[in-house]
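**Q** Using the sequences and the accompanying hints, generate a full structural model.
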Amino acid sequence: MGRALIVSAGASSNEYISARLAELGYTRPTIIPSGAEARRRMPDADFDLIVVNAPLPDEFGHELCMDAVAGTDAGVVFLVKAAQAEQLLAPLNEQGVLLLSKPFSNTLFLQAIHLAAASNHRLQLLRQENARMQEKIAQVRLVSHAKCCLVEREQMSEDAAHRYIEKRAMDTRRSRAEIAQEILDSYED
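Residue numbering for the sequence shown follows our numbering, beginning at 1 and increasing consecutively.
Among the hints, a few may not be true.
DEER-style ranges, computed between Cβ atoms [to be verified]:
(1) V151 / L126: 42 to 48 Å
(2) G71 / N93: 14 to 20 Å
(3) R3 / F60: 23 to 29 Å
(4) E182 / G96: 42 to 48 Å
(5) F60 / R132: 38 to 44 Å
(6) A36 / M133: 24 to 30 Å
(7) Q111 / V151: 23 to 29 Å
DMTMM-like cross-link-like pairs, simulated, lysine to aspartate or glutamate; straight-line CA separation at most 20 Å [stated by the list, open to error]:
(8) K167 / D185
(9) K102 / E15
(10) K167 / E154
(11) K102 / E86
(12) K136 / E154
(13) K136 / E86
(14) K102 / E166
(15) K136 / E166
Read the hints as simulated data drawn from the structure, not as lab findings.
Built from N, CA and C at the ideal position, the CB exists for glycine as well.
**A** Structure, rendered in structure tokens:
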């Protein structure tokens, strides 16, 4: 699968979580015992899954989960005792953190990990689509800017400028954006 981060101070908990993640294909997860160290490591590594086991030695862990959701594309699972789970459920749910109250069954834990992985995958697809759309918008702006230059400097109509860019792109087997950039470069001199 991908890369996993376990933020937990308990050795037995770390073994259990690591073993369950290994069953799902997360081989050799990174295990970090504190929230501060996790914050330092999160930006450098591209984790697909982050599991936080509360409490941590330097903080409770819910703020780390919110930081992880805000700063990464990872699916975030927060393991917390049932007593604290009720009061944290609403705010963490709004942020997109999956909260799992302890004790939990093996099946429930694996389902939570699957949900987190699915949310990570969905977020990655949305980011890729967003990048494609941003690129498309940049190309449209570039072509529009080139058309404006042709209208202003060559006294072409907007339709004629559009046809000129389209025809030149087809004739030279290049993209409209490349032709537009060439036009803009010629007018910069």
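**Q** Looking at the structure, which of the earlier hints fail to hold?
**A** 1, 6, 7, 12, 13, 14
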